[in-house]
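Trainee: Sequences listed follow chains V and D, in order. Sequential numbering of the first sequence, starting at 4, is according to our numbering. Sequential numbering of the second sequence, starting at 4, is according to our numbering.
The hints are simulated quantities; they were obtained by calculation from the structure and are not laboratory data. These numbers were taken from a predicted model, which means no experiment stands behind them. Some hints here could point you the wrong way.
When chains are identical, the list treats them as one kind, so a pair holds in a single copy or across two.
[Said to hold, decoys possible] Straight-line alpha carbon distances no greater than 30 Å define the calculated BS3-like cross-link-like pairs of lysine-lysine that follow:
#1 Lys282 / Lys101
#2 Lys180 / Lys164
#3 Lys365 / Lys101
#4 Lys10 / Lys180
#5 Lys101 / Lys164
#6 Lys164 / Lys293
#7 Lys101 / Lys7
Protein chains: 2
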Amino acid sequence: MTAKQLKTIELSDMKNIALGGAFLGTGGGGDPYIGRLMAEEAIAKNGPVQVLDIEEFDDDALIIPVCMMGAPTVMLEKLPRGNEAIAALESLQNYLGKRADAIFCIEAGGLNSTIPIAVAAEMKLPIVDGDGMGRAFPELQMVSMTMGGVSACPMVMADEKGNSIVLNTVDNLSTEKFARVITVEMGGAGLIALYPMTGAEAKKSILRGSMSLINSIGRIIHSEQAANRNPAERLARDLNGIRLFEGRVLDVDRRTEGGFARGSCTIDGLGPDAGSQIKLDFQNEFLIAKTSDGTPRAITPDLICLLDLETGQPITTEQIRYGFRVIVFGLPCNPQWRSEHGLELVGPGYFGYELEYQPIEKLNPAKV
Amino acid sequence: MTAKQLKTIELSDMKNIALGGAFLGTGGGGDPYIGRLMAEEAIAKNGPVQVLDIEEFDDDALIIPVCMMGAPTVMLEKLPRGNEAIAALESLQNYLGKRADAIFCIEAGGLNSTIPIAVAAEMKLPIVDGDGMGRAFPELQMVSMTMGGVSACPMVMADEKGNSIVLNTVDNLSTEKFARVITVEMGGAGLIALYPMTGAEAKKSILRGSMSLINSIGRIIHSEQAANRNPAERLARDLNGIRLFEGRVLDVDRRTEGGFARGSCTIDGLGPDAGSQIKLDFQNEFLIAKTSDGTPRAITPDLICLLDLETGQPITTEQIRYGFRVIVFGLPCNPQWRSEHGLELVGPGYFGYELEYQPIEKLNPAKV
Numbered sequence: 004m005t006a007k008q009l010k011t012i013e014l015s016d017m018k019n020i021a022l023g024g025a026f027l028g029t030g031g032g033g034d035p036y037i038g039r040l041m042a043e044e045a046i047a048k049n050g051p052v053q054v055l056d057i058e059e060f061d062d063d064a065l066i067i068p069v070c071m072m073g074a075p076t077v078m079l080e081k082l083p084r085g086n087e088a089i090a091a092l093e094s095l096q097n098y099l100g101k102r103a104d105a106i107f108c109i110e111a112g113g114l115n116s117t118i119p120i121a122v123a124a125e126m127k128l129p130i131v132d133g134d135g136m137g138r139a140f141p142e143l144q145m146v147s148m149t150m151g152g153v154s155a156c157p158m159v160m161a162d163e164k165g166n167s168i169v170l171n172t173v174d175n176l177s178t179e180k181f182a183r184v185i186t187v188e189m190g191g192a193g194l195i196a197l198y199p200m201t202g203a204e205a206k207k208s209i210l211r212g213s214m215s216l217i218n219s220i221g222r223i224i225h226s227e228q229a230a231n232r233n234p235a236e237r238l239a240r241d242l243n244g245i246r247l248f249e250g251r252v253l254d255v256d257r258r259t260e261g262g263f264a265r266g267s268c269t270i271d272g273l274g275p276d277a278g279s280q281i282k283l284d285f286q287n288e289f290l291i292a293k294t295s296d297g298t299p300r301a302i303t304p305d306l307i308c309l310l311d312l313e314t315g316q317p318i319t320t321e322q323i324r325y326g327f328r329v330i331v332f333g334l335p336c337n338p339q340w341r342s343e344h345g346l347e348l349v350g351p352g353y354f355g356y357e358l359e360y361q362p363i364e365k366l367n368p369a370k371v
Numbered sequence: 004m005t006a007k008q009l010k011t012i013e014l015s016d017m018k019n020i021a022l023g024g025a026f027l028g029t030g031g032g033g034d035p036y037i038g039r040l041m042a043e044e045a046i047a048k049n050g051p052v053q054v055l056d057i058e059e060f061d062d063d064a065l066i067i068p069v070c071m072m073g074a075p076t077v078m079l080e081k082l083p084r085g086n087e088a089i090a091a092l093e094s095l096q097n098y099l100g101k102r103a104d105a106i107f108c109i110e111a112g113g114l115n116s117t118i119p120i121a122v123a124a125e126m127k128l129p130i131v132d133g134d135g136m137g138r139a140f141p142e143l144q145m146v147s148m149t150m151g152g153v154s155a156c157p158m159v160m161a162d163e164k165g166n167s168i169v170l171n172t173v174d175n176l177s178t179e180k181f182a183r184v185i186t187v188e189m190g191g192a193g194l195i196a197l198y199p200m201t202g203a204e205a206k207k208s209i210l211r212g213s214m215s216l217i218n219s220i221g222r223i224i225h226s227e228q229a230a231n232r233n234p235a236e237r238l239a240r241d242l243n244g245i246r247l248f249e250g251r252v253l254d255v256d257r258r259t260e261g262g263f264a265r266g267s268c269t270i271d272g273l274g275p276d277a278g279s280q281i282k283l284d285f286q287n288e289f290l291i292a293k294t295s296d297g298t299p300r301a302i303t304p305d306l307i308c309l310l311d312l313e314t315g316q317p318i319t320t321e322q323i324r325y326g327f328r329v330i331v332f333g334l335p336c337n338p339q340w341r342s343e344h345g346l347e348l349v350g351p352g353y354f355g356y357e358l359e360y361q362p363i364e365k366l367n368p369a370k371v
């Protein structure tokens with residue numbers, strides 16, 4: 004799908020962006036409702052946010068991503084007050100001795116596609132049309148910038164109490180490990196500013212057009228919902244997606260552990276899938292979909308999205324409840340993630356699975 | 004005891020300082036042997052270190068304490084390479100945009116009285132004749148500077164891999180909590196620079212004369228050892244100390260947990276104490292000494308030191324082994340610790356004991 008290029012984010016765009024972000028968030032990236040409210044409040048106060056292609060920036064421009072880090076289960080109960088993200092950004096700017104020229108979205112997700120918009124509105128800065136994942140992933144080294152050789156550090160973490168921590172680590176995996184234990188000590192979630200990049204670095208390493216894509220996906224879901232159609236059909240067609248399964252949630256096992264929401268949910272088939280089951284494993288985001296006989300149907304880094312069977316509304320991992328009637332929807336990931344370096348960072352082996360990665364379109368040839 | 008004022012630290016002073024520091028370290032503060040080697044190497048290379056009373060500094064001088072943080076059990080196996088402490092100091096100086104005018108010792112202890120000397124020699128800076136505890140304590144907010152309203156932050160932590168973290172927290176207890184989980188992630192120990200203070204702040208808040216006292220105690224132990232006398236008698240007389248117990252170590256329970264070495268050891272009486280037992284609880288440092296019927300004999304913040312029964316050599320909590328013949332030696336703490344604020348910070352209640360603090364000289368009237 005070629006998404007229509009987004010030029011500015013107005014108040015009225017936020018419902019689409021929150022929804023499109025939650026869809027690409029593959030179960031993670033935080034609650035879309037809260038993120039939408041935060042961004043709407045900031046836009047109402049400060050006016051629309053300009054969206055710029057990375058080519059419109061000078062090579063020495065300073066681009067700073069901001070987001071929330073932690074278990075989505077915790078984020079729901081520990082709402083950002085709104086100024087922690089600004090505090091993280093300002094503390095990083097002070098540390099660098101430079102002001103940001105643009106804000107950047109590190110991942111797609113309900114909260115993490117919208118917090119950067121709130122910050123951009125508040126700081127009267129443009130936002131870059133791109134992101135670092137093309138979806139959401141649970142760990143902070145899992146970004147295209149790591150593949151592009153950009154350091155996550157200096158990174159700043161801030162919490163609602165006023166604590167602020169600057170990390171300078173030897174590599175991005177170490178940044179994740181230190182930041183994760185600090186997140187736990189912050190009560191399970193914190194606001195962060197990291198991967199400060201020059202325009203030149205960003206041009207080489209980011210995934211492009213993500214804000215436009217998120218917006219287009221949100222528009223599709225809304226317009227199909229308005230026409231009383233389930234958006235899954237049209238999303239499958241426009242995004243080369245696959246309807247993997249439909250059914251009713253039978254069991255959810257979810258625990259907050261080591262700063263992540265980990266667990267799995269089992270879905271009992273309905274309609275065309277009656278008589279079979281599928282199991283989704285997650286660590287903040289969905290990682291693996293397998294049928295009850297152990298056959299993989301989708302493997303990280305390909306996207307696994309859970310949608311309400313009636314409305315097509317994305318369901319995050321912390322929202323899943325017994326009895327929900329759902330569609331399991333799959334999407335091929337950005338081709339960069341299928342490279343050797345990409346799979347080292349986000350493939351099944353990294354998450355402890357012995358499974359070898361196979362592209363979703365090969366696992367489901369009949370459905371493509 | 005009025006300690007003779009120490010003016011410079013020569014190579015030949017290090018054996019006394021390492022020993023005196025280990026004695027006041029109350030079982031913690033790190034291994035004296037390693038600390039001595041580090042400081043001796045630095046002095047041999049760079050010459051003696053000047054020791055100055057805090058009154059000799061201007062009110063706007065910058066005083067920076069450096070030390071190792073972590074479980075002593077881990078410090079033994081994860082030796083500092085020597086340059087991590089310098090890295091922590093330099094990173095803090097860069098963050099502040101100012102150079103230190105003097106180095107400071109945060110606590111007494113085998114390693115933590117000697118690392119600052121190594122750093123001072125390396126940086127060609129004087130060291131202040133004082134410390135923040137008058138002994139060792141396990142947590143970093145447990146210093147007289149906290150009572151004096153000095154912030155532990157900005158604080159820098161560095162490890163041997165090259166990771167470096169700057170903390171800015173809302174209070175000193177929060178600094179401890181964040182720093183402790185980072186220490187664990189660093190592998191159990193890290194080098195830190197913290198409590199950057201002006202001369203004026205230091206004059207109001209530090210404990211004075213500690214380097215001179217440490218040196219004098221070390222001299223007493225060495226001279227008594229040289230004369231083949233157990234130093235305990237003379238230490239008791241000169242320091243108003245109390246020989247609480249003598250016996251043989253019967254049992255040691257020690258675990259590294261949450262970044263601390265926690266546990267207890269039981270000592271079976273010998274000589275005048277035959278037929279009774281005493282139990283020492285520790286968290287890096289000794290906290291409580293109790294007889295087998297539960298009667299307290301010494302309670303934090305008073306000092307509990309374990310000495311070899313033959314030689315008077317201080318024994319750290321990570322060195323205690325079954326069969327060691329030992330003297331349990333007690334000392335009244337600095338009077339500041341007996342204030343309401345002092346006991347809140349380091350009294351038995353903070354460590355989870357229901358016991359009320361009672362001064363060691365009241366608990367052992369017959370022995371004073």
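Trainee: Decide, hint by hint, whether the structure agrees.
Mentor: Do the hints match the structure? See the list:
no.: 1; hint: Lys282 / Lys101; result: neither (48 Å within a copy, 57 Å between copies)
no.: 2; hint: Lys180 / Lys164; result: both (22 Å within a copy, 14 Å between copies)
no.: 3; hint: Lys365 / Lys101; result: neither (47 Å within a copy, 60 Å between copies)
no.: 4; hint: Lys10 / Lys180; result: neither (37 Å within a copy, 45 Å between copies)
no.: 5; hint: Lys101 / Lys164; result: both (25 Å within a copy, 28 Å between copies)
no.: 6; hint: Lys164 / Lys293; result: neither (42 Å within a copy, 40 Å between copies)
no.: 7; hint: Lys101 / Lys7; result: neither (33 Å within a copy, 52 Å between copies)
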